[in-house]
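With chain R fixed as given, assemble chain F onto it according to the hints.
Chain by chain, the residues run as shown.
Number of protein chains: 2
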Amino acid sequence: MKKGLQLGEQSISLDKPVHIMSSAAVVGPKEGEGPLKDTFDKIVEDATFGKDSWEEGESEMMKETVLLALRKAKLKSEDVRYLFAGDLLGQLIATTFGVMDLKIPLFGLYGACSTMGEALALGAMTVHGGYADTVVAAASSHFGSVEKQFRFPLEYGNQRPMSSTWTVTGSGAFILSKEYGDVVITGITTGKVVDYGIKDSLNMGACMAPAAADLIYQHLKDFDRRPEDYDKIVTGDLGIVGKEILCKLLSDQGIDIENVHIDCGMEIYDDACQDTHAGGSGCGCSAVTLAGKLMNELHKGELKRILFVPTGALLSTVSYNEGQTVPGIAHGLVIERSE
Amino acid sequence: MKKGLQLGEQSISLDKPVHIMSSAAVVGPKEGEGPLKDTFDKIVEDATFGKDSWEEGESEMMKETVLLALRKAKLKSEDVRYLFAGDLLGQLIATTFGVMDLKIPLFGLYGACSTMGEALALGAMTVHGGYADTVVAAASSHFGSVEKQFRFPLEYGNQRPMSSTWTVTGSGAFILSKEYGDVVITGITTGKVVDYGIKDSLNMGACMAPAAADLIYQHLKDFDRRPEDYDKIVTGDLGIVGKEILCKLLSDQGIDIENVHIDCGMEIYDDACQDTHAGGSGCGCSAVTLAGKLMNELHKGELKRILFVPTGALLSTVSYNEGQTVPGIAHGLVIERSE
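These protein sequence lines are chains R and F, in that order. The opening position of the first sequence corresponds to residue 1 in our numbering, with each subsequent residue numbered one higher. The opening position of the second sequence corresponds to residue 1 in our numbering, with each subsequent residue numbered one higher.
Simulated from the structure, these hints should not be mistaken for lab results. All values reported here derive from a predicted model rather than from experimental measurement. Possibly wrong hints are sitting among the right ones.
[What the hints assert, rightly or not] Using 20 Å as the maximum straight-line C-alpha spacing, the simulated PhoX-like pairs for lysine-lysine come out as follows:
{"id": "1", "chain 1": "F", "residue 1": "Lys72", "chain 2": "F", "residue 2": "Lys300"}
{"id": "2", "chain 1": "F", "residue 1": "Lys103", "chain 2": "R", "residue 2": "Lys221"}
{"id": "3", "chain 1": "R", "residue 1": "Lys148", "chain 2": "F", "residue 2": "Lys148"}
{"id": "4", "chain 1": "R", "residue 1": "Lys103", "chain 2": "F", "residue 2": "Lys221"}
{"id": "5", "chain 1": "R", "residue 1": "Lys16", "chain 2": "R", "residue 2": "Lys304"}
Only chain R is shown next, with the shape it has when bound in the complex (with noise of 0.2 Å):
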């Protein structure tokens, strides 16, 4: 069912390109200790970025690598027409008090960790329908915030149970353009709520395995394609169990994507000596994973063509605390190099 840019029931084909001038990922330290500590643009010693909070320092972070992917793709902020962006924060503190300084007309993203796919997305569109020549689409999320926001106070030090990820201190910037840039976007599938009644807020992974699997199993049907049209497949934080999850639910439709899949959770820490459990999570994961590892790859084409997704968790402190489920959304992005 193809009409016009309209494919199948969620998704779009661009029929002109978006391209990816250019991408900032900005980390910690656990992060610049990690197996991708080569791909990342700046690792920062003090992750509280020189502020006095948690939350300054995230904002720092996300100001940060903006100005890094700006300076990448030789713009200034005053050359940009939109910024799309968005963090795991109450109210989006930390995007709000970092990009202020930027002066860059703004649309407020939440999409959980979903967040980096939902900018992209709308960037993505806003630049293919000519609303804007540049824009950039960014997403942070910091480990002291968000344990902070939705668990404990770092100072309480309680135990982690194996099922729980460890939130990714790092921020990702991308510079999307009508031109200019050798990967590019070319399609979009935009993911529903997808709750299966799971209430457990230490184990991320499963609460967003089945939004993962409804997005993906919707994208190929849409597309008319098949896992092996990918290089890869990947998630965005399902980590060891949701990955689990995932493949099999997708299995038990008929399709098996264990040969491309990969989860950016399960990518930037090495378990066996950082203590990470099941593996990493926040806006921030896949938002690095991609501005570092996997355009690197794309850009020295390692890799032709990947699904992203990244995939968020639903809930609040108040929705849990009133005893509410977590339910999951994803947002899948078709990146490829341009021909």
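Leaving out everything else, chain F in the frame of chain R:
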């Protein structure tokens, strides 16, 4: 400086107007006793909407509003390609749990009380660009959930200064489409974060007025229009205090909007009888005033063209308690009768 659809520094002129097929406004009991009571589609007597918590009540309210807007447009949720929605609660839980059952691909948005404008802007761009034939844009706020989120539990019964506003319990939803409907969106101006250094969370009008002034100034410049080109310039929830600051700031720039300006926050309650002090506020305030009163007047031809400027104050309890300022943001939409 016209460049295709892009107009000036921050605006878009939609060459093919996007139609508002239907709108719906659902409110709580206090709003149902105010001056706009006859313009709302549904007034609910029980502000929990039959649920166990304010938050779940807000979710139910948003769901009912979207379903009502769909019904008025003679559509089902599966006829809609995207939902653009947000609320004021941390991690958008009112939206998540409200729209989950609708199974519409979701872009979650946060623009504080400007969210209705952000949703209409992105929704209109999406329809105009051909990415969807039909989308829903929705926003909500709830006095009970918001006071708990941002200030004091209701049970505490704190005194409220005269500069404070009363959060509207209400949700507005709009169905946007390529055709059908005598009211259309023809222009969009997207706001930046504007910070005048104000730190008083009980004087939101003062926090948001500079952003509204900045947006209106830029809008008139981008479109090369004067205030008189609009029957009304409608801000979201500045209240009495914010309105005065807005008019002063624009007057300093040589722009007089006094004759055409109204503020949704000053329309929705009658302070003399309802003890609401400076006026109404919240995403729901501008959403239900537009969906009810203003849409009615546009349908009837009493208004030909308005500039709708919902305004948001960007803070969380964390940012506030860490001594941060309360910056503002505003989004502008040109809404007019289709000729």
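Verification of the hints:
no.	hint	result
1	F/Lys72 / F/Lys300	holds, 17 Å
2	F/Lys103 / R/Lys221	holds, 17 Å
3	R/Lys148 / F/Lys148	holds, 18 Å
4	R/Lys103 / F/Lys221	holds, 17 Å
5	R/Lys16 / R/Lys304	holds, 18 Å
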